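Number of protein chains: 4
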Amino acid sequence: MIVVLKPKISAKEEKAVLSEIKKLGYKPHVMRGVERTVVGAIGDERKHKSLETLTTWSQVEQVMPVQKRYKLVSREAHKANSTINVRGNIVGGKKFQVMAGPCSVESEQQLLKTAHAVKKAGATILRGGAFKPRTSPYEFQGLGLKGLKLLAKARKETGLPVITELLSEDHAELVAEYADILQIGARNAQNFQLLIAAAKTGKPVLLKRGLSMKIEEWLLAGEYILANENPNLFFCERGIRTFETYTRNTLDLSTIPIIKKESHCPIVIDPSQGAGRADLVVAMCKGAVAMGADALLIEVHPNPAEAWSDGAQQVTLEGFAKLMEELQPFITAAGRE
Amino acid sequence: MIVVLKPKISAKEEKAVLSEIKKLGYKPHVMRGVERTVVGAIGDERKHKSLETLTTWSQVEQVMPVQKRYKLVSREAHKANSTINVRGNIVGGKKFQVMAGPCSVESEQQLLKTAHAVKKAGATILRGGAFKPRTSPYEFQGLGLKGLKLLAKARKETGLPVITELLSEDHAELVAEYADILQIGARNAQNFQLLIAAAKTGKPVLLKRGLSMKIEEWLLAGEYILANENPNLFFCERGIRTFETYTRNTLDLSTIPIIKKESHCPIVIDPSQGAGRADLVVAMCKGAVAMGADALLIEVHPNPAEAWSDGAQQVTLEGFAKLMEELQPFITAAGRE
Amino acid sequence: MIVVLKPKISAKEEKAVLSEIKKLGYKPHVMRGVERTVVGAIGDERKHKSLETLTTWSQVEQVMPVQKRYKLVSREAHKANSTINVRGNIVGGKKFQVMAGPCSVESEQQLLKTAHAVKKAGATILRGGAFKPRTSPYEFQGLGLKGLKLLAKARKETGLPVITELLSEDHAELVAEYADILQIGARNAQNFQLLIAAAKTGKPVLLKRGLSMKIEEWLLAGEYILANENPNLFFCERGIRTFETYTRNTLDLSTIPIIKKESHCPIVIDPSQGAGRADLVVAMCKGAVAMGADALLIEVHPNPAEAWSDGAQQVTLEGFAKLMEELQPFITAAGRE
Amino acid sequence: MIVVLKPKISAKEEKAVLSEIKKLGYKPHVMRGVERTVVGAIGDERKHKSLETLTTWSQVEQVMPVQKRYKLVSREAHKANSTINVRGNIVGGKKFQVMAGPCSVESEQQLLKTAHAVKKAGATILRGGAFKPRTSPYEFQGLGLKGLKLLAKARKETGLPVITELLSEDHAELVAEYADILQIGARNAQNFQLLIAAAKTGKPVLLKRGLSMKIEEWLLAGEYILANENPNLFFCERGIRTFETYTRNTLDLSTIPIIKKESHCPIVIDPSQGAGRADLVVAMCKGAVAMGADALLIEVHPNPAEAWSDGAQQVTLEGFAKLMEELQPFITAAGRE
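Residue numbers (the working numbering), protein chains in the order written: chain A, 40 to 376; chain B, 40 to 376; chain C, 40 to 376; chain D, 40 to 376.
Treat the hints with care, since some could be wrong.
Remember, identical chains collapse to one label, so a pair may be satisfied in a single copy or spanning two.
[Claimed, not checked] Once the Cα atoms are required to be at most 35 Å apart in a straight line, the calculated DSBU-like pairs of lysine-lysine come out as:
hint, residue 1, residue 2
1, 361, 242
2, 110, 300
3, 152, 45
4, 361, 62
5, 159, 54
Worth flagging that the hints you see were computed from the coordinates, not collected in a lab. These numbers come from a predicted model, not from an experiment.
For reference, chain A alone in the conformation it holds in the complex:
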């Protein structure tokens, strides 16, 4: 930690800061600059109490942490890229993966039709929501267990592994029984109890970035998974909330090189939530592939205008097939398969 003192404080005031730094378990190291005195507080910032509380003292101007707060998810902890095996599909390796399917599971016919179509077009994992977090209590909340069973049926028919959202600690066991990957949604990205419950199932966890989550906070939320002894974590960028209203969210594709730099975990891009508009999905997929994403998570529906949730951002079956074709040259250019 670096503690910057206010200019022109008394020797006694300075001494009090040094004593408190020692009391809190750090070794102070004083540097006198041109206008300000700076104290380096030497010690492991993750083990000791934070010195940021010192900013309540009138003689302290600011306190700056030096260490990174995350550890197990960091690239320093694991130099190579981590790969995650999802029923034989290796995510994070040379093969580019596409997770596709409807926003919500609505019926057997809707799900199976979509599952077969996305498989044919090249998707390798099936997505579909059984429990849906909805802004309003009056909106469709998902088919629940019935939806999970339909997903299992679709997996059996197509061979595609299944990713679905986990909303509640109480459902962790149940959802893990049916799903191959547990998705944690943006609004639950700092619901730490849910993260712990998801980690403990042992299933791979896909952690979406919260709407206003800084990179560091996202990495730390991921740290909750690895610290609970589950090494299989995907980070998934799905757009952040900004002032812009043209798109529902602002998809932050810079997270691809950033996560690759800071962490060893795979990075997945969700352009459907990211844009909230089907007409922008193709371009965003191309960008994600070119920038080095490991996988895409795309919402596909046989008839988006009549979807029970988020129709505006779902692409049609034909649209998805065309998208997969257009992506091909970029997957090759990115050195992927």
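Fit chains B, C and D to the supplied structure of chain A, relying on the hints for placement.
Frame of chain A, contents of chains B, C and D only:
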């Protein structure tokens, strides 16, 4: 719903839109403007499926909802201000209320000392965290049940009712046993399962605004409480996330007149989280009182520099006593007691 | 400056950093921590080149400035509050000041009627736009010189000094001839050439905060005024841009205690731009007064529904008179006149 | 315009709204819905006064514009992609263009060395700042006229056309004499007087997106160029301001498909400003190419650590050559040359 069509579409394309509007349960009403044709879709937007899915059609430019999506929390549903009785303290009425106490419960001595001091200075409700949501898994996570018991003891000694945070659906019963108000934190503000669990305990619920929650989303999250048959809801503004880094969050005091206009539920301001800096708390409290807040939620600690969480934003016992004195003339000017 | 080195770099790599720090004019001071080595670079950060460029080196993790970048506007440079004399009205002193008038000057009748009404209600300075910055080239751009002449006429009739916006370097002389305060709008807050031109007229300058301007950037933009030998600077908060869409902007009232802490210059609040909604103006004015603002800048129009610009945020003449009455107890509570 | 009335207003109140709508030049058309009455106001929204002022009336709930406010820059006005001829380089056509060079022109040696290197690596246009907008008045403000002359010299030696920033209306003639493209920076993106001055020189104008500019505002700022009879406009995305602090700005690559959809003007991406970090530039360039950008604007410096401005975001000469090589497969995949 208002559906705006693209300019120069064919009669057939227009007709398809009108048919789909009917199919989705609305009655279309066509208006031809100078450049664009607009269709009013008449029907109850809360009962029917959303027409926003129509934006996936190439002949549709935009779809605009007309109705408000929230109902039970709205001022239209209940003209008068709602008041909430917390062990005899009426929040939302003429008397201005102050909830104060430490960020985290750390020890019996720390809590009791603070409780007595804030009571003496005029606080009417005691706050204190027993379960703490922390950005990093390596930070202090609260004393848990032991913390709840200490809060109950402090209540017994001082007579102050207790507000404490609920983090997990699984703790709802337990926390409700000890607390007089359940606090839902900003990071869980759209954890709908937790909202439902909190509502079902029957205890009053204080719902903090999420870090990037729009007013409408906040009202709809509150709707989850009332729709689960718990009428005792407080909205609590605690700062939103913006680009500014001088303060930890940007306290949005305009929520006071806005919540008063849109809803009948009381509004509470949390200046400690709002600023993240103890030195700004006094001014923010004054502003909140003047603008018509019903209560304040303030973090107070005997020794902020050694607090186990969020020390930088906690005021000292002396600071709190002085603050309460300085607030007095503004409480009077606002026509409160 | 503090330069944080990456863990496990070679001695040679470290030495290269130290040499470069010296070359850029600083004296390096090495501190070895538990995980990382930190170098304090001693020297005047405002005089030397920035070391932030070192972040391009692979062995450097981050560079953190220690000094404040602003000087003349800072509280350190001038302990007492600065006051500004505007034709006998002292802004920044014990007397609370209210600047009021129409968004745009539209006609002699509209302006004079408003000017007399706001004076009668207690306003002390007249506002009115002659040159208007408009988002679209097809919107009303202001009456220009004719508007300035009408403002001068209104001043002559009512005795109220005049504040009006300066949009163009080329108009600086002209506007300064008619106005008592030059207003720099939010969209020009970092138009440094305009700031310099405004400063050089010698007239007081009211600098609005840009839509996405950090406090530090705002203070530095103010520094352009004082560094060009004009000591008469007001900071004016008018709302920042956030994700919220209920209000046009988010009025950040925390700027009042922050500017008072960091600077000696007066702080003015503009609740009309801040909310973009007339119905929220009263509450915001109360909050601003209570929190210690020196003055308000309020848009008032005889018939807002027919205003040529920004009608939605202008209050009526009657509304303004009522507002001034309601503010009185808060002005007294704040210890102002 | 769509005017939504409050529920349960009187017939007289409704009539007053209809009269005012007529008075403001629109034809009202009433639609009665389930809970609310909606009035379609038919007329050209760009010609008449805005009805948004009606929101000040107590019986009006909201007013929603239907038309797009921009015209000349819109795709509706010009179906085909516009191309701009810069001394023989066609931007916006099949050939992908790269503008590269130092943030600031510092010396003849620095500029010429960079210009020759970027040309060799494949850049087609030279960038370099002679007038620099700086957050602090104490930072290097550019070489001014001397910088312009060095740019002209570099153009003569290398044949590369030159793009440089225009900061001041007063310099428009001067800068246009030396430059082939005038750049308008993010902080001046709504400095409308500067936009008009730039347009009137007749030179192509590259308009950066402001830090918190919505897409619609950006298009309208561009409209200022075309409405002043200069058809040669580039839009340039350079990152917006968000809550994230890992990067200096958040590069919004979704602007590529959005600008292509809404406008016929070319879109350029500036990854250097966008990230503020040289280590992220390569990935962002790949994304921009894949998503359909027409050109890149990249900061390159022979020795970034000693750059006089923004060193942290400039790539080295070697780094640039490598970047150009790595881009090649993506340019091919995108169907460009």
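Against the structure, the hints:
In this assembly of identical chains, residue 361 and residue 242 lie within 35 Å of each other by CA distance solely inside one copy; the values are 32 Å within and 40 Å between copies. Within a single copy, residue 110 and residue 300 get their C-alpha atoms as close as 14 Å, which meets the 35 Å cut-off; across copies the closest is 37 Å, which misses it. With identical chains, the CA atoms of residue 152 and residue 45 are at most 35 Å apart between copies only, with a shortest distance of 31 Å across copies and 67 Å within one. In this homomeric assembly, residue 361 and residue 62 come within 35 Å of each other (Cα to Cα) only across copies, at 28 Å, whereas the closest approach inside a single copy is 64 Å.
For a Cα distance limit of 35 Å, the shortest separation of residue 159 from residue 54 across copies, 33 Å, qualifies, whereas the shortest one inside one copy, 71 Å, does not.
The structure fails none of the hints (numbered hints given earlier).
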